[in-house]
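Going line by line, the protein sequences match chains Z and V.
Under our numbering, the first residue of the first sequence is numbered 1, with each subsequent residue one higher.
Under our numbering, the first residue of the second sequence is numbered 1, with each subsequent residue one higher.
Warning: the hint list may mix true and false statements.
[What the hints assert, rightly or not] If you anchor each label on the Cβ, the simulated ranges turn out as follows: (1) Z:147 - V:203: 42 to 50 Å; (2) V:194 - Z:139: 15 to 23 Å; (3) Z:192 - V:132: 45 to 53 Å; (4) Z:160 - V:203: 51 to 59 Å; (5) Z:173 - V:327: 15 to 23 Å; (6) Z:146 - V:195: 26 to 34 Å.
These are computed hints drawn from the structure, not numbers from a lab.
All C-beta atoms, glycine included, are put in the ideal place defined by N, C-alpha and C.
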Amino acid sequence: MTKELDCRGMDCPAPVLHVRDALAQEASTDISVLVDNEAARQNVSRFLEHQSYQVKSEVLGDLFRIVGRRGEGTSSFTPAPALPAALQSGPGAKKIMVLITSTHMGHGDDALGDMLMFNFIKTLKEMGSDLWCVAFVNSGVSFTAEGSEAVPFLQELAGNGVQILACGACLAYFHILDKMQVGEVTNMLDIVTGMKRADSVVTV
Amino acid sequence: MTTEAIRLTQTVKGAGCAAKIAPGILDKALCGLDLPVDQNLLVGLERADDAAVYRVSDDLALVQTVDFFPPMVDDPFSFGQIAAANALSDVYAMGGVPKTAMNIVAFPAQTMDISILRTIIEGGLSKMREAGVVLVGGHTVEDSELKYGLSVTGFIHPDRILTKKNLQCGDRLILTKPLGTGIIATAIKAGLADQELTDRVTQAMATLNRDAALIMENFTVHACTDITGFGFLGHLAEMVVDSGHGVRITASAVPMYPEALEWAAMGLIPAGAYNNRSFRGAFVDFAVSVPQKVQDLLFDPQTSGGLLIAVAAGEAEQLVTALKTKGIDCTAIVGEVIAEPIDRIVVE
Chain Z
1 MTKELDCRGM DCPAPVLHVR DALAQEASTD ISVLVDNEAA RQNVSRFLEH
51 QSYQVKSEVL GDLFRIVGRR GEGTSSFTPA PALPAALQSG PGAKKIMVLI
101 TSTHMGHGDD ALGDMLMFNF IKTLKEMGSD LWCVAFVNSG VSFTAEGSEA
151 VPFLQELAGN GVQILACGAC LAYFHILDKM QVGEVTNMLD IVTGMKRADS
201 VVTV
Chain V
1 MTTEAIRLTQ TVKGAGCAAK IAPGILDKAL CGLDLPVDQN LLVGLERADD
51 AAVYRVSDDL ALVQTVDFFP PMVDDPFSFG QIAAANALSD VYAMGGVPKT
101 AMNIVAFPAQ TMDISILRTI IEGGLSKMRE AGVVLVGGHT VEDSELKYGL
151 SVTGFIHPDR ILTKKNLQCG DRLILTKPLG TGIIATAIKA GLADQELTDR
201 VTQAMATLNR DAALIMENFT VHACTDITGF GFLGHLAEMV VDSGHGVRIT
251 ASAVPMYPEA LEWAAMGLIP AGAYNNRSFR GAFVDFAVSV PQKVQDLLFD
301 PQTSGGLLIA VAAGEAEQLV TALKTKGIDC TAIVGEVIAE PIDRIVVE
């Protein structure tokens with residue numbers, strides 16, 4: 001069913017928030033949004049693309065209609081390369097999200113834990129196309145930054161279409177925002193939305 | 001009427017410099033006007049520079065500018081500080097020293113407690129004091145939407161004016177504050193920005209460009225402007241047009257708020273950014289590797305943004321070091337002036 005939203009008469013950022021709230025209430029595979037200004041047209045398009053919708057928009061006199069589709073089996077879905085890739089659907093049959101919350105795996109000896117975690121990241125590719133997204137929070141974000149031996153392995157995953165996400169607040173906290181080598185900066189909203197959309201979430 | 005829990009950004013349509021009238025439309029109003037001629041007017045309207053300069057004597061000229069806008073933050077004192085810092089910035093960008101200021105106020109006295117106005121002016125005064133500027137008057141009108149700013153007059157030596165023009169081939173371009181305040185103001189208005197970020201960005205917008213201006217006096221600076229409503233590329237375009245040179249910008253070197261990048265991807269972009277792009281986009285060539293969200297930030301209208309300084313290549317690193325030593329931490333070399341393509345901006 002197509003969800004229809006009328007955002008005429010709304011100025012930035014209201015249309016985007018309206019669409020976001022409507023989708024939060026009830027997820028919809030098809031959505032159609034009516035707006036009356038160019039900024040709203042572009043912003044709503046960007047938002048829906050960010051939410052993995054395939055987006056088209058048309059001019060209707062003084063108005064614009066933005067149509068978003070997110071078919072479960074839409075193989076024709078090819079996002080434009082310049083768009084933010086965060087949380088777009090991966091190629092796998094199953095969507096596994098891995099959340100890495102620290103530099104070491106498990107409790108006991110941290111040096112051992114560091115080695116285990118590095119090995120874990122190296123081995124993640126064995127999940128194959130089911131691996132959809134790897135998100136890093138807290139000290140885990142250091143794996144995405146300059147100086148980490150994990151960077152080439154994460155780059156390889158990213159090259160295979162796996163989303164690599166690092167918590168922006170965490171990168172900022174550890175002063176390594178400018179050192180990030182792989183993946184995209186993300187926020188808690190994206191992580192929580194990702195968890196909801198994933199078939200399973202593995203937290204280490 | 002209430003003084004508590006009023007969120008200033010909820011009372012207005014546009015926010016900060018994002019509320020500036022679209023540059024293309026403004027051009028239609030100003031283009032072809034019959035302007036009075038005066039040989040002492042060294043920098044006037046037709047130059048579209050940061051501030052006007054009028055020669056008084058061989059060693060003294062006046063720098064004059066005016067800037068005001070609706071609130072982009074909810075706290076009245078902070079709004080006053082930001083509006084004042086933003087207005088004073090135009091004088092610093094010309095290489096001048098601000099001396100006097102007048103308040104410009106539009107205030108919804110029917111719906112807002114007058115104590116809010118007092119707090120806004122106190123915020124403005126705190127920045128005027130910091131800048132060594134005296135408040136000499138002002139003008140207040142009743143309006144449905146709150147607006148505040150300053151008209152500022154400063155001194156400058158007629159031979160030491162830093163305009164937007166005069167880029168030299170090889171110059172390095174230095175930016176002193178991160179981009180993204182227009183998008184973050186939109187997020188603040190949407191209630192999405194947390195207090196920590198709001199405080200951090202508020203502080204950056206309230207920071208005077210005074211230290212940066214004082215430091216650059218000691219270097220071979222060829223041109224300078226401050227980044228405000230037309231966005232980084234909009235103001236850079238003003239420097240590049242008719243310069244006879246081109247500019248290459250390294251997108252990854254441009255300081256940006258990471259939160260603004262996230263929100264840009266989500267579509268929380270002020271209309272002003274799209275206006276800036278449609279007005280100046282034709283001067284800019286983006287490499288395919290520059291993500292959409294980064295392009296959006298490069299056009300994002302800034303409130304009280306940093307200085308964009310064109311300095312002789314050999315002195316660029318030293319200038320950056322000097323600025324950082326003074327606590328202007330986000331300063332970075334973001335690009336350079338190149339021979340070709342003439343009058344164009346290449347973003348890589």
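Query raised in the report: What are the numbers of the hints that this structure violates, sorted from low to high?
Result: Hints 1 and 4 are the ones this structure does not satisfy, whereas the remaining hints hold.
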